[in-house]
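K.L.:
Given next are the chains, with one letter for each unit.
Number of protein chains: 2
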Amino acid sequence: MVSVAIIGASGMIGRTLAQTLIARGRLDELFLSDIRSSDIGGDGVHWVTGDAADPETIGLLVGFEPDVIFHVAATAMGQADSDFAIGYHINFDTVRTTVEAIRIAGNNYCPRLVHASSIGVYGAPFPALIDEAARPRPDSSYGTQKLMSEAIIADYARMGFLDGICLRLPTIAVRPGQATHGNSGFFSNIIREPLEGRRALLPASDDVRHWLASPETAVAQLIHAANIDGRIAPEARALVMPGISLTVEVLLSALAERGGEDLLSLIDRSQPPIYGPQDFPACFSAKTARKMGFPLLEEKAVDFIDGFLRHRFKA
Amino acid sequence: MVSVAIIGASGMIGRTLAQTLIARGRLDELFLSDIRSSDIGGDGVHWVTGDAADPETIGLLVGFEPDVIFHVAATAMGQADSDFAIGYHINFDTVRTTVEAIRIAGNNYCPRLVHASSIGVYGAPFPALIDEAARPRPDSSYGTQKLMSEAIIADYARMGFLDGICLRLPTIAVRPGQATHGNSGFFSNIIREPLEGRRALLPASDDVRHWLASPETAVAQLIHAANIDGRIAPEARALVMPGISLTVEVLLSALAERGGEDLLSLIDRSQPPIYGPQDFPACFSAKTARKMGFPLLEEKAVDFIDGFLRHRFKA
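Residue numbers (the working numbering), protein chains in the order written: chain A, 32 to 346; chain B, 32 to 346.
The hints are simulated quantities; they were obtained by calculation from the structure and are not laboratory data.
Mixed in with the good hints there might be a few duds.
Identical chains blur together in the list; that is why a pair holds if it fits in one copy or across any two.
As the list claims (entries may be wrong) - Once the Cα atoms are required to be at most 25 Å apart in a straight line, the calculated SDA-like pairs of lysine to any residue come out as:
#	residue 1	residue 2
1	LYS318	ALA267
2	LYS318	PRO158
3	LYS322	PRO156
4	LYS331	ASN138
Construct all of the structure, not just a fragment, from the sequences and the given hints.
P.N.:
Dropping the structure here:
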C-alpha cells in the first residue's frame, strides 16, 4: 500500500505531478489538496479542498498518513513581492502548517516530505558559478519565504518528526498559461507567446544568463526525491537541482530554429531592458543532486521549445 | 524626543538593558513589554504587558511609534529544544508579530529594530575559526528560530518597513539566577555556583572552548546597534558579535585565582562528560562587528568572575 499527498495540487507543478503519478499507476491512494479541486480524479484519488495554511484542512489530509507528502503550493516571485502578506501566507504559512500537522499527528508517523524550494534563496551579487559552499542570502520576499521553509523543515526533520527534503528548483520554462510579468517570467514568455502567435515583451538584455529546467524536469526531480531510499542525510535536506544555464540569445536562436526566423519579430524590444546579467544567477554546480541521480530532461535550448510544443499539442 | 521599546523587558537581557537605559537618562519615553511587568519603573517608563506573539499587545506597543525597538524576548536553547512548540512561539512568533505590527503601522513609520540573535545559528561541524563566509546551518530548534527571525527581519528591512539589525550574541556568562541544565548553561554554572557556595555539575571536558561575553557586554552591544548612524547596510543586518574564546580549563583557573583553589572542589566531575570540543563553536572572526565598533567589556577569563562578583554585591 503506497499513498501520496500533494499540497498545491491545482498549481502548475502540482497538476503535472498528479497526472504523472496517476499515469505511472503505482499508487493505491492519491490525496490532492488545494483551494479548488481540478478535473483530476479517478480510482483512489481523493480531494481535500481548503487553505493549506489552515490546520484543519491540512490536519484532515495528514490524518490519512500518506507515505509521501509533496508540498508544491506556492505563489510566484512576482506576486510574493507585490502582494506581501499573501506571499508569506502561501509560501511560508502553508509549510509551517504542514510540518506542524505532521508533528502533532504523532503515532510514529514520519512521512517523506518533498518541498518545492527554489534557487530564489540565492540573492545578488551572484558569482559566475554558485557552488554548494555559497551562502543563500535572498534578495526577495519569495526567496526569504523559501529559505524560512527550508529551515523549519530541516529542524522538524532533525527532531525526527518527518523526513524532509527541499529541492531548490531552477526557474521553470516554459510555464504554461498566461504571460506573467516581473522577474523571471519572461524566460517563458519569449518562447510561449511567439509560438502562440502573440507578442512577448523582453525586459532583459540578450546576454542575461539563467538556470532553467522544464516543468517535466521539475516533476521528475520531485518524484526522484520521493523515491530516495532510507532517510535523507542532513546535508542533503536542501539541494540545488540540476538545470541548464542558458542566455536569452541562445533561447531566441532555438526559437528561430524550431519556429522560423519570423517569430523573432514578435519579441518586443521597444522598452529599454530593465534586467542585466547581474540580476540573475547564471549557473549552479548542483553537485550533490547530480551525484544523487536527480534527473534533467533537457540537454540544450531547443529542448525547451520542443517540450512546449509537445505539451501544447497533447493538451 | 527619543523613545525606545523593549520587547522581553523582564528577561535576563531585557531587564539589564532597561536599567542601563534608565541610568543613562537620555530617553524621553521607555516602553517595556513582557508577559509580566517587573519592578522597573519611573518617569516616562510605561509597561505594556501581554504575549509578544499577540498582535494586539504588540500593536499597542508599536502604536507609540518608538524610534528604537529592542526585541530581546527569547527562551534559551535548552527549553526551545525540549519544549518544542513554546520555542517557536517565543523565539519566532514574537519576532514575526513585531515586524508585522511595524509594517501595518504604515504612516512612514520605520524604526530601528535591534534583535538579539545568537551564535546558535551556526551548527556542528564547527571549523576552528568561524569567519563571515561561513554558512549558518543550525543544529538546534533554537538556532533555527533565530535564523528564521533574521531572515524575516532582513526581508522587512529590504522592503523598507523597518531598519533591522540582528546581533548574533555570544553565549552569555555569567547568567544570573538559577543553574540551568542542557547546552551551554554550564559555562555560567561553574562560575556562579561555586562562588555562591554550591556544587556545579561540569558536563564537558576541560578542553571545551567556546565564545563568551558577559550580560553587560551583550547590553552594550545592543545599545551600540541602536545608535548606529544612518540605515544599516544590507550585509550588516546579521552580525556575529565580539566575544572571548575561552576553555573550561581557563575559566576554572580564573575561578580559583579569584575565589581560591577550594572552590574547585565544588565542581562536580562525577559523571563522564557529555560534551567535547566538537560540540561548541570555539572562535569567531566577528570582523564586521569589530570594524563597526561593537564593544566587548571583557579582556580575559577573570573579568567574567569579577563581573559576576561586582553585580552580586550590587544586587
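K.L.:
It remains to establish, for every hint, whether it holds in the given structure.
P.N.:
Structure-based check of all given hints:
Only within a single protomer do LYS318 and ALA267 lie at most 25 Å apart by alpha-carbon distance; the minimum there is 11 Å, versus 30 Å between protomers. In the homo-oligomer, the alpha carbons of LYS318 and PRO158 lie at most 25 Å apart both inside one protomer (16 Å) and across protomers (22 Å), since each shortest distance falls under that limit. In this assembly of identical chains, LYS322 and PRO156 lie within 25 Å of each other by CA distance solely across copies; the values are 22 Å between and 27 Å within a copy. Taking identical chains as interchangeable, the C-alpha atoms of LYS331 and ASN138 are never at most 25 Å apart, the minima being 47 Å within one chain and 51 Å between chains.
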